[in-house]
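Asker: Chain by chain, the residues:
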Amino acid sequence: MTETRKIEMTVNGVRHQLEIETRVTLADCLRHHLGLTGTHLGCEHGVCGACTILVDGQAARSCLMLAVQADGAAIATVEGLAGDDGTLHPLQQAFHDNHGLQCGFCTPGMLMTLVEFLESNPDPSETEVREALSGNLCRCTGYQGIVAAALDAAQRMRAQAVGLS
Amino acid sequence: MKPPPFHYHDPRSLDQALALLASRDNAKLLAGGQSLMPMLNMRFAQPDDIIDLNRIEELSFVRHTEGGRIEIGAMTRQRELADAAVIHDRCPLMCEALRHVGHRATRNRGTIGGSLCHLDPAAELPVVAMALDATVHVQSRRGARTLAMAEFPAFYMTPAIEPDEIVTKISFEPWPAGHGAAFVEFARRHGDFAVVAVAVLLELGGDGAIHRASVVLGGVGPGPLRCAAVEAAVTGSRGGSAFQEAAATCGEIDAMEDVHASSAYRRHLAEVLTHRALDTAFTRAGGERAS
Ligand code: FES
Ligand code: FES
Numbered sequence: 005m006t007e008t009r010k011i012e013m014t015v016n017g018v019r020h021q022l023e024i025e026t027r028v029t030l031a032d033c034l035r036h037h038l039g040l041t042g043t044h045l046g047c048e049h050g051v052c053g054a055c056t057i058l059v060d061g062q063a064a065r066s067c068l069m070l071a072v073q074a075d076g077a078a079i080a081t082v083e084g085l086a087g088d089d090g091t092l093h094p095l096q097q098a099f100h101d102n103h104g105l106q107c108g109f110c111t112p113g114m115l116m117t118l119v120e121f122l123e124s125n126p127d128p129s130e131t132e133v134r135e136a137l138s139g140n141l142c143r144c145t146g147y148q149g150i151v152a153a154a155l156d157a158a159q160r161m162r163a164q165a166v167g168l169s
Numbered sequence: 018m019k020p021p022p023f024h025y026h027d028p029r030s031l032d033q034a035l036a037l038l039a040s041r042d043n044a045k046l047l048a049g050g051q052s053l054m055p056m057l058n059m060r061f062a063q064p065d066d067i068i069d070l071n072r073i074e075e076l077s078f079v080r081h082t083e084g085g086r087i088e089i090g091a092m093t094r095q096r097e098l099a100d101a102a103v104i105h106d107r108c109p110l111m112c113e114a115l116r117h118v119g120h121r122a123t124r125n126r127g128t129i130g131g132s133l134c135h136l137d138p139a140a141e142l143p144v145v146a147m148a149l150d151a152t153v154h155v156q157s158r159r160g161a162r163t164l165a166m167a168e169f170p171a172f173y174m175t176p177a178i179e180p181d182e183i184v185t186k187i188s189f190e191p192w193p194a195g196h197g198a199a200f201v202e203f204a205r206r207h208g209d210f211a212v213v214a215v216a217v218l219l220e221l222g223g224d225g226a227i228h229r230a231s232v233v234l235g236g237v238g239p240g241p242l243r244c245a246a247v248e249a250a251v252t253g254s255r256g257g258s259a260f261q262e263a264a265a266t267c268g269e270i271d272a273m274e275d276v277h278a279s280s281a282y283r284r285h286l287a288e289v290l291t292h293r294a295l296d297t298a299f300t301r302a303g304g305e306r307a308s
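So the protein lines, in turn, are chains A and B. Numbered as in the numbering used here, the first sequence ends at 169 without a single skipped number. Numbered as in the numbering used here, the second sequence ends at 308 without a single skipped number.
By construction, these hints were calculated from the structure, which means they are not laboratory data. Being a predicted model, the structure only gives us computed values, none of them experimental.
Each computed BS3-like pair below joins lysine-lysine, with the alpha-carbon atoms no more than 25 Å apart: (1) B:Lys45 with B:Lys19; (2) B:Lys19 with A:Lys10; (3) A:Lys10 with B:Lys45.
So that you can see chain A by itself, here it is in the shape it has in the complex (with noise of 0.2 Å):
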């Protein structure tokens, strides 16, 4: 029995039509069909927050969703943050200058998280930053520098949307 669907997504400003299993989870649609692989797969059940992308401006866990689901929905993930020149988003910048990443199996789904947080709280405080990431696991850092990142990405990112305006 394989059902399937036609199901048409945007991916990081790309438009993807595709046809694909009904039983196929988001996440492997995106790295499998869609060849997006910097979303990692941890525990796939919920629990490591490896997997967290955007749906729509909100942050969800793609190993959670069916790639069905998402039909008509808009993902960022890790692979949009960068420019087209490949300057790192701020807070990509600010792992790299922290120690915010060791093996790096963990940190597309921080960034993830970290940038709805950030939108949605531009000056948290370090038990915020903590308590916004308690719900992704990372096997190497200890937390430390990961945190570190995030409150630096903060500080730039308010003194980026200062120069701004």
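Add chain B with the ligands to chain A, keeping to what the hints say.
Answerer: Structure of chain B with the ligands alone, referenced to chain A:
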């Protein structure tokens, strides 16, 4: 590929969903997916049909009825609830509890109907619904009916609804302005299910003494546990030592034991957290401690 094969349906109306559900033997309703999707990925659940409720707009709302009740559609996301002005203004207990429900990425998808029907023994929203004496509204092609939240849990992780029924909304009468609410829990990590959680609502009379109390524990048994003994012990009191004695009655409860905690530890937590929640709710109600 993780989930087992199934037929996928995404009805646009409640009627369509009810018709589908009535015509299938082994169907599962997919709400926010934060519990069912893991069970599908791990193949603990192997339904023949998945009926996805996410495209049914009529099941998503938060509103005040003319009779003064608050109604919440089953597919209202936890994130939407936390942001809703009515909940913020009239039901601070739910707002405080929502901060403990998973993480932002799971609250963005997870729904109140999903939380209630999954009925994890340590989930926060069933505890809140019980503390508010909420009514659960269910519907099938055979008709609509209501259940008191107190009779909603049938047994471990199983609500008292029939296979062809869908929970459509919950409703409750908000406590009057000026009441005190507190939701306190202990979890190993922020956002995890609670080891023990407690919800407290207190209303003071004109004389400053408590004249109505609701105290419900989560995480101690298969479903939320109303603590009638604590409620009785605090009613008429003005805090202070009465709270200590009231909370001590939690030492009598029959708490469950699992990999996370022994029953003795759960009883201890129940007592300590209940005491804290009573103190906080009393202060928030504007209460002044008896000396
Ligand atoms: S892979 Fe999705 S949360 Fe772990
Ligand atoms: S950097 Fe290795 S898991 Fe986080």
